[in-house]
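J.: Note that the protein sequences, when read in sequence, are chains P and D. Numbering follows our numbering, in which position 265 of the first sequence is assigned residue number 265; successive positions increment by one, without gaps. Numbering follows our numbering, in which position 93 of the second sequence is assigned residue number 1093; successive positions increment by one, without gaps.
Treat the hints with care, as some may be off.
Residues of chain P clear of chain D, computed beta-carbon distances all greater than 12 Å [unchecked claim]:
(1) G167
(2) G192
(3) L203
(4) A248
(5) V261
Computed list of lysine-lysine pairs in DSBU-like fashion (alpha-carbon distance at most 35 Å, straight line) [unchecked claim]:
(6) K1352/D x K189/P
(7) K1136/D x K1190/D
(8) K1126/D x K1084/D
(9) K1449/D x K1135/D
(10) K1449/D x K189/P
(11) K1131/D x K1196/D
Quick caveat, the hints were computed from the structure, so don't treat them as lab data. Note that CB positions come from ideal geometry on N, CA and C, so glycine has one too.
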Amino acid sequence: MTTTTDASLELPRPRKARATGLWRLWSSAQVRLGVTMLVGITILVIIAPFLAPHDMAAPVGRPYAPPSPEAWLGTDNLGRDVLSRVMSGGIYLAWMAPASALIAVSLGAAIALIAAYYGGWTDLILMRCMDVLLAFPGILLTLLCVSIFGPAPPLLVTLVVLTLMPGVARVIRGAALPLLRQEYVLWAKTVGTPGRVIITRELLPNVSSPLLVELGLRLSWSVAILSSMSFIGYGIQPPAADWGLMVAENGNGLGIQPYAVLAPILMIVLYTIGGALIAEGSARIIARTEGEA
Amino acid sequence: MTNSVDPAILTADAVTVERLDGAPIIADVSLTLRQGEVMGIVGESGSGKSTLALALMGHARRGVRIGGGAVNIDGTEMLSLTPKQLRSARRNLVAYVAQDPGAALNPTLRLDTLLTEGLEGSSAEKTARAKRILKKVGLPDDDAFLRRRPRQLSGGQQQRIAIAMAVIAEPKVIILDEPTTGLDVSTRAKVLDLIKQLCIADNLTAIYVSHDLAVIASVADHVTVMYGGQVVEQGEMQEVLATPRHPYTRALLDAVPSVNDRQALLPIRGRVPNVGEWPEGCIFSDRCDYAIAACSVRPPLRQAGTALVRCVRPELAHTLGAVSRHIDHRRAAEAVEPALTATHINAAYGDKQVLFDVNLTVEPGRCLAVVGESGSGKSTLSRCLIGLHENLTGELTLAGSPLPLSVAGRDQIARERLQYIFQNPNASLNPRRTIGQSLIAALDGSAAKREGRAIDVINEALDRVSIPADLTDRYPAELSGGQRQRVAIARALVSNPAVLLCDEVTSSLDVSVQASVIELLRSLLEDGLGMMFVTHDLAVVRNIADTVIVLNEGRIVEQGEMQAVLNAPQHPYTQSLLANTLQLPTGDDETETAALAVH
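Throw the hints in and build the complete structure from the sequences for me.
T.: Set out below in structure tokens:
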């Protein structure tokens, strides 16, 4: 023992900020901007009823009136105030998009980790199911289900989840497979750790980085899908205000009152970019920190 | 050996490479090489040796820049070339051979494409040239071979191709960055022979980067010892490695296990300073046993004997000499019950059988070394014993009672009594969990945890491996490689095991860290643990084993007491392993003449 004590003097490195926490992502300006955009838009749509200059459902002038001191962005096809409708128009998206993305990523990750860890038949069956979902045209599924059940928001969320989940499962399974050969997973097996513990304790924390990237990415996708559903009339129904729906409603007046279309498109774009910035920024930080390790 | 009137073909003058924030990675490195000389650059991880090798070609990795100095190769100033000129210089003046040929060779290209890339001339000329070079590096030179792709070659052949690619354009200097590190001893010996032969026959000038002092001793004429980004000692190989003048060189040599003598290995305390955290004075002063007040000012390289040394007292380490560190072998145990036995083990991957009727016994307080090269089945054997291999027949017993072959069939006690330690400490600890969390996980389902003694048991185990208990809330990335491996050992110790299965546990560690881990494992043997130590390194075997099994292609070809096997090997395979194990030069005249005879 006398000789090894020398090694105990090995100096611990000076304490650094925890490089493993999710907080390191905050150091990315892209992530900060993205989060700010999403939080800002969410707050805006929530307080819109108190802030909006007009009742978003009542006509304030003739249809397709150009911007005026009364209505800063003009009026829409029914003479309603575009600004008030744009402010309120994200309220469905504000909860449906994050909910769809969260559920899709959670379910996708769970399926991926179970498939990756147990392998064999479990893997085969789960991933083939994902492939079937992936191959089935999302738009067809939406048309079918909405025609049968009607456009209830929970159904719309379910449809988005079904569309996004297979992609998430593919990516996370790919990230988990190399981990299975890592010695800490083998070690856990040598001491007889049950599979569900290995999945939650050894695998899940080590795929948290790709999970986060997926979350940002799928958030943008959810916005796009939900808005598209509204646009084709299979999503949020009139007279509710919704950005996708507004684009559809006011498309005919594009030549005379472009703001009624451009304003909701801009909001959709901002929301999508916010999610994309989070995904992109996280991916960069992760690539950098994991490159060092 | 060398002619002093020869002009230098490569000179590096005060080369500095720094991070973009200005923190130096290597500082003020100078070296001079004449035609036909081989310079060995030796150092542990973090010493900056690979950074230097790349800087000599005018290259810096991402996030790093060459901050100053000059590199002149055959009259061309490498650091002031335009990118276009640099590309041409890297074709005609200097070539690079990377460590892992598997990753350095594009697997989709045929050998003729790889070899003739960048050459000028007609395709017939180029093919003729490729064939000449293949012959030179000892590979077949027929057309069929030229049409092969890298993955159809063995590791040794791939490295020969990488060397052939480097020398085919007849560069003035070739830079070899750990070219033999991933290779088996016998393959390594052949590749080293090739490099030596190229240097003599073609009068090639080479820079050979390695962490392995014995490899450097076998190829180099001159040695540069790097530590923390600085040159600490530079001179003729025999002068530096047999009679070093810097305390770091001395300490490094004292940490290297010898295949001929069982010795106390002296680890170097502390760790290599990180970039940007260099100490004020001498770079080695915070780890040096002989540091004095004068060491708080960074010493310049000064002439001592024929060598250059960065130490205020260059005569000190020189006079230390190698003290006799011989230690006695443990006596053979007297008829005790074996801790672990394996009988008639046959294992296969699919249809391919990889282990044939292997029998072994691990006794308490003794170490059984399982020696073999890659593909010998030694890792499969240890996986079989721990119960992770599925396609397996045979019988296992643990402390006299039968042990199920699969880990799933074993009870808690059997799992606790048999513990596995992995090769790579970077991968054996979950990077997203703290040391404490990893150790607690090892106690899942144990009596200690039920009785609420988990913290005590963990602290005891950490103390046993000399890790301060306050490191438990750190993540593995915050620890050094040696600390991580000792934490992995502590994780095995918390279960109070009877047998440790050690799978190449020192082979990914630096030599000074390896010394501390070997000493720790020895002390665990003193405590009465049984140990199976899987390795390819006979010097490590000499230093830790009591009995030895030599595996070749899945069969035991030789077994017995360690001294008997290593002193008088009977099987030709064991003899060739031993013959290919490299030795450090000593101060003896005999070795000196042998080393000189090489060139």
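J.: Does A248/P really sit off the interface, with its C-beta more than 12 Å from all C-beta atoms of chain D?
T.: holds, 46 Å
J.: Is K1352/D within 35 Å of K189/P, Cα to Cα?
T.: Holds. K1352/D to K189/P sits at ~24 Å (cutoff 35 Å).
J.: Quickly compare the C-alpha distance for K1126/D and K1084/D to 35 Å and report which way the hint goes.
T.: holds, 23 Å
J.: K1449/D and K1135/D were given as a pair; does the straight-line alpha-carbon distance stay at or below 35 Å?
T.: violated, 64 Å
J.: Measure nothing beyond the straight line between the CA atoms of K1131/D and K1196/D; if it is 35 Å or shorter, mark the hint as holding.
T.: holds, 20 Å
J.: Are all beta-carbon distances from G167/P to chain D longer than 12 Å?
T.: About 24 Å separates G167/P from the closest Cβ of chain D, which puts it past 12 Å; holds.
J.: Just to be careful, I want the Cα atoms of K1449/D and K189/P compared with a cutoff of 35 Å; is the pair within it?
T.: holds, 19 Å
J.: Taking C-beta pairs only, is L203/P more than 12 Å away from all of chain D?
T.: For L203/P, whose nearest Cβ neighbour in chain D is about 9 Å away, the distance does not exceed 12 Å, so it is violated.
J.: G192/P: least C-beta distance to chain D exceeds 12 Å?
T.: Since the minimum Cβ distance to chain D is about 5 Å, G192/P lies within 12 Å and the statement is violated.
J.: Could you grab the alpha-carbon distance between K1136/D and K1190/D and see if it respects the 35 Å cut-off?
T.: Given pair K1136/D, K1190/D holds - Cα atoms ~13 Å apart, limit 35 Å.
J.: Examine each Cβ of chain D, and state whether all of them lie more than 12 Å from the Cβ of V261/P.
T.: Consistent with the label, V261/P stays out of reach of chain D, its closest Cβ about 45 Å off (over 12 Å).
Going through the hint list in order, the structure does not satisfy hints 2, 3 and 9.
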